[in-house]
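Sequential numbering of the sequence shown, starting at 1, is according to this note's numbering.
For the record, the hints were derived by calculation from the structure and aren't laboratory data. Certain hints may be false.
[To be verified] Between beta-carbon pairs, the in silico distance windows are: (1) Y107 x E36: 28 to 34 Å; (2) G131 x G95: 29 to 35 Å; (3) A43 x F83: 31 to 37 Å.
[Stated by the list, open to error] Below 20 Å or equal to it, Euclidean Cα-Cα: the simulated SDA-like pairs (lysine to any residue) are: (4) K97 x G50; (5) K25 x G131; (6) K97 x E46; (7) K97 x S60; (8) K25 x D104; (9) K25 x S109; (10) K97 x D85; (11) K97 x A76; (12) K25 x E46; (13) K25 x I98; (14) K25 x D85; (15) K25 x G86; (16) K97 x G86; (17) K25 x G50; (18) K97 x R110; (19) K25 x M105; (20) K25 x D15; (21) K97 x F22; (22) K25 x I7; (23) K25 x Y107; (24) K25 x E106; (25) K25 x A93; (26) K97 x L130; (27) K25 x L130; (28) K97 x I20; (29) K25 x L53; (30) K25 x P129; (31) K97 x E121; (32) K25 x R115; (33) K25 x D128; (34) K25 x H6.
All C-beta atoms, glycine included, are put in the ideal place defined by N, C-alpha and C.
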Amino acid sequence: MVRTSHIFPVLRYRDPRAAIAFLVKGFGFEVFALHEGPDGEVAHAELRLGQNLIMLGGFSPELVASGRTASGGTGAVYVSVRFVDGHHDMAVAAGAKITRPLEDMEYGSREYSCRDTEGYEWSFGTYDPLGVDGKVADA
């Protein structure tokens, strides 16, 4: 069995600066690192939310399609947050497009889904797959 310590989603955006501004304002991320290329554009950025980190950069056809350019879904990101109601309000105020309203789920989580400025699907909820003791919770 391969043991990993962390998984970091990497997202590609046509306008990474606008995406960073939205992710900070709408989802509560903090800029952890930002590296510019010779042209002054964002080459690589790392954003932190609590102990979690995502990486992002500019769109490039030879890399991965951005959420806006891919035909069909490219996947989604789920983020466990403690105070999902306030998080939802912050995302709405920043202009997130809600795709699934804030609701109580049958498995005990309270969550919602939305799209960011370039169409990536994000879900936020109180369900934490790792549970309070760091072990994967029973399904």
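Given hint I98 paired with K25 - CA-CA distance at most 20 Å: Satisfied, since the Cα-Cα distance of roughly 16 Å is no more than 20 Å.
Distance restraint between K25 and I7, which requires alpha-carbon spacing of 20 Å or less: violated, 23 Å
Hinted pair K25 and P129, Cα distance within 20 Å: violated, 26 Å
Outcome for the supplied range 28 to 34 Å, where the beta carbon pair is Y107 and E36: Violated: the Cβ-Cβ distance is about 43 Å, outside 28 to 34 Å.
Pair hint K25 and S109, alpha-carbon separation not exceeding 20 Å: Violated: K25 and S109 sit about 24 Å apart, past 20 Å.
Restraint status (C-alpha distance of K25 to D85 at most 20 Å): Status holds; Cα separation ~16 Å.
Satisfaction of hint between G86 and K25, Cα-Cα up to 20 Å: Status holds; Cα separation ~13 Å.
Given hint I20 paired with K97 - CA-CA distance at most 20 Å: holds, 16 Å
Distance restraint between K97 and G86, which requires alpha-carbon spacing of 20 Å or less: It holds: about 16 Å lies between the C-alpha atoms, which stays within 20 Å.
Holds or violated: K97 to G50, with C-alpha atoms at most 20 Å apart: violated, 23 Å
20 Å limit on alpha-carbon distance, applied to hinted pair K25 and D128: The hint is violated at about 23 Å.
G95 and G131 - C-beta distance against the hinted 29 to 35 Å: holds, 33 Å
In the structure shown, a violation is registered for the earlier hints numbered 1, 4, 5, 6, 7, 8, 9, 19, 22, 23, 24, 26, 27, 30, 33, 34, in ascending order.
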